[in-house]
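K.L.:
Protein chains in written order, with this note's numbering: chain A, 1 to 151; chain B, 1 to 731.
Please note that the accuracy of each hint is not assured.
Said to hold, decoys possible - Across the chosen pairs, the derived CB separations fall in these ranges: (1) LEU243/B with SER10/A: 30 to 36 Å; (2) SER59/A with GLY550/B: 42 to 48 Å; (3) LYS551/B with SER59/A: 58 to 64 Å; (4) LYS558/B with ASP111/A: 23 to 29 Å.
Just so you know, the hints here were simulated from the structure itself, not pulled from any lab data.
This structure is a prediction, so every number in the text was calculated from the model and none was measured.
Heads up, the beta-carbon is just placed ideally off N, CA and C, and yes, glycines get one too.
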Amino acid sequence: MKTLTINGKSHSIEAQDDMPLLWAIRDIIGLTGTKYGCGVSQCGACSVLLDGQVIRSCSIPVTYAEGKEIVTIEGQSDTLNYLREAWVDGNVPQCGYCQSGQLIAATALLDSNANPTEEDINNAMSGNICRCGTYPRIKKAIYKAIELKNK
Amino acid sequence: MGAIQNMSRRNFVKVIGLASGGLVIGCQFVSDKNEIVRIDDGTTFTPNLFVQLKKDGTLILLASRSEMGQGVRTSLTSVIADEMDADWNFVTVAQATGDSKFGNQNTDGSRSIRTIFEPMRKMGATARAILISAAAKKWNIASSACKTENHYVINTTSNEKLFYGDLVTDAMKIEVPTEVSLKEKKDFNYIGKQLKSVDLTDFTHGTAVYGIDARLPNMKFAAIARCPSTFGTVKSVDKTATLEITGVEQVVELERVKRPFGMMGGVAVIASNTWAAFQGKNNLEIVWNKGSNGRYDSEKYMQKITNRVHNKAKVVPPTKGNITTAFKEASSVIEATYQMPHLAHAPMEVPNALAWVYDGKCEIWAPVQAPQATKTEVASYLGIDEEHITIHVTFLGGGFGRKSKPDFVVEAVALSKKMNVPVQVVWTREDDIQNAYYHTTSAQYLKGALDKNGTVTGWLHRTAFPSIVSTFKPMSDYGAGFEFGQGFNNNQFDIEHMRFENAKAEAHVRIGWLRSVCHIYHSFGINSFVDELAAKAGKDPLQFNLDLIGKDKIRKEKSPFPLNTKRLKNVLKTAAKKANWGKKLPEGHGIGLAVHYSFYTYVASIVEVSVKNNKLKVQQIHTAVDCGMVVNKDTVTNQLEGAAIFGMSVALHGKITAKDGAIEQSNFHDYQMTRMSETPNIDVTIIESDEAPTGIGEPGVPPIAPAIANAIFNATGKRYRTFPLSEHGLV
Ligand code: FES
Ligand code: FES
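Isolated chain A (complex conformation):
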């Protein structure tokens, strides 16, 4: 039995020790907002926050997340909500599939760096692939969220 705290709620689950956190969240707990894209830390679709740090849940064993606070796209935080508002304002998503990961990565960025430069944004976001190519909008929306947050 393992206990995971996701979005403030605790879940007791049966899972092998080496099962990546991604699959525990998706297939065992049943929160499907966190996505599979590559399984090898290349695309960022599976990003979640672990004690406030962005991690690739496809490449972290579930045991590593025990006792830590996990935030997924289904969760809430002030920063995440500002980003959501900016995402809606900029009509960012196309297919939407990568956007959970994009929003989580952007949340971690703004939580650690209130006024990132363009280079900071590029560095923080370049681990997240968007095959639909919404990067220009994501970048604009991040600036917009900063504006909303600072207001």
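Following the hints, complete the assembly by docking chain B with the ligands onto the known chain A.
P.N.:
Just chain B with the ligands now, kept in the frame of chain A:
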């Protein structure tokens, strides 16, 4: 109000009745031919688009096409809402299941808007007319004394207002009008405006359900090992290590289904979760019979087709003048060869499907672009009638053509049938890259003649590429007419002597269509070569292109939207103006252009790059598009921005290679995508137009790669004729 539309085919639109407390209106059309067809006896009615108005005002519009990022759920329904004068805040969109009653739902060829724009307008206008009649009756006035505004009917004499929701019951009793008026362009509220996606809340909260998110009680998860070389078979399998994995329940062999979209076959691992299935698959020890494609070597193959285009090949009409004379009389002649590798679609959501076969029925939840083709495939596999098959079309995490080929659905169906439980098949990213339907690989040879004034007098274009037809009919070793028609033998130029040839190219992998299809390589060859001709002639590429396109004219061709050279030149001029063509560029920078007509849409892109220490940076892309009347401006902009990034992935990184029959790339580390750090500024200009709306999902892609290559030439004097540019150390 605009022109009166005759609705004499009376059953086109019909009130169906009260269903779940609302007024339901349906309409019927045949979507592919751009015409509204009503040929029934008046007793049966099978509408393919629905509007449902509830008493609380909620307006449910049924989207019949798949959403894969192209905004179709929003744009299609906004057309109905506009003609209805509905308040967008009351609109929700429901997704139609895959069913022939919804007309052709296959979402490809950039045709959704093109084919059902008019029917949807009439649908909305009819609903509006019915609501007006209902209100007029209530007030006991003529319909002409009423107008509509934002979900209300207004009595123009008394200024009384009636809410659409409150008219539901009365509207039920109204006969469908025989004619309705469509709005004039100036009166549109949503069409042609910026309208946000109807799905933004779900997209930003992780609640949009994609195929991979579909869940059923007692379902199993499956991963499948398929032969690395196309159509190879299993010789032997050792499953010991697989069965040791916790969560793995069974290992099942699957036979290939020899149909274009049939499954490849292989060894399936059934497990209680996706991870166990993936692990189990990795632990299988399989010896394969590699089959006839087991020696495919894409590098050697490229040499082979390149040699072929360097020699005379099969002539493809139309031939104009005499190319031999042209070269003989030319004051200069140049030639060039362009090569492009295979590509894989790599949508962010891998192919997957959940199927449940029970009691002679089958239910499917899957991200499919072509629900009807899927149904046909499944019916054929199970040997049951299509009416026993239900397809729930989920959101698609990208498609780009991959998800119109439902082999992955057949796999899930086969496994569910064998296991007697719902089974979800999920491809790993490695499967997706290594067992795809590949965008073809191509070699093109171009030879051009210039006279002493630098005018092009002769054009010889030879192309060789394994054909998509080979997927449908093995041994189809030459290109097909529809492939030539994608920018090859119908290029935009009117040159005195022209000749087109196609060389043989056998397929060794499954070939399939990928976003903008043959336009990708034909546009690369043509736009690069024109740039080379301009350089040879010592002329400015912009003027050279405009001159080559020539006079304003509408091309004589069998097409609902024949090429209009004026519109083509206009997009080029517009992009050039936005890019400030001719401006002085910083040291190490260069600018290049490309213009291409595809899916009846005109697109020009102008790209500025910098090359420093042999490292390329794409700085700015200006794209101008003329896609006729625009339904949703923001969708068009978003698609064109996305196409620019997609085109950059093709130009900078896209390369799938095969050795000993097996694909050498496996995941995003060696099959790279454009990332945010590489993303330039992208500026999109949409030409205002009253012409019929045409495609937007694909036409933005073809100009990008050649425009980048031309810009690099402008910056460095070096010409790159083989893609991707990463192979040349530029990225
Ligand atoms: S799925 Fe984890 S980084 Fe791609
Ligand atoms: S929106 Fe489709 S992958 Fe990003």
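K.L.:
For each hint, tell me whether it holds in the structure or not.
P.N.:
Going through the hints against the structure:
Hint check: LEU243/B to SER10/A, Cβ distance near 33 Å, so the stated range 30 to 36 Å holds. With their beta carbons about 57 Å apart, SER59/A and GLY550/B fall outside the hinted range of 42 to 48 Å. Look at LYS551/B against SER59/A: about 60 Å separates their beta carbons, and that is inside 58 to 64 Å. The beta-carbon spacing between LYS558/B and ASP111/A, approximately 59 Å, falls outside the hinted interval of 23 to 29 Å.
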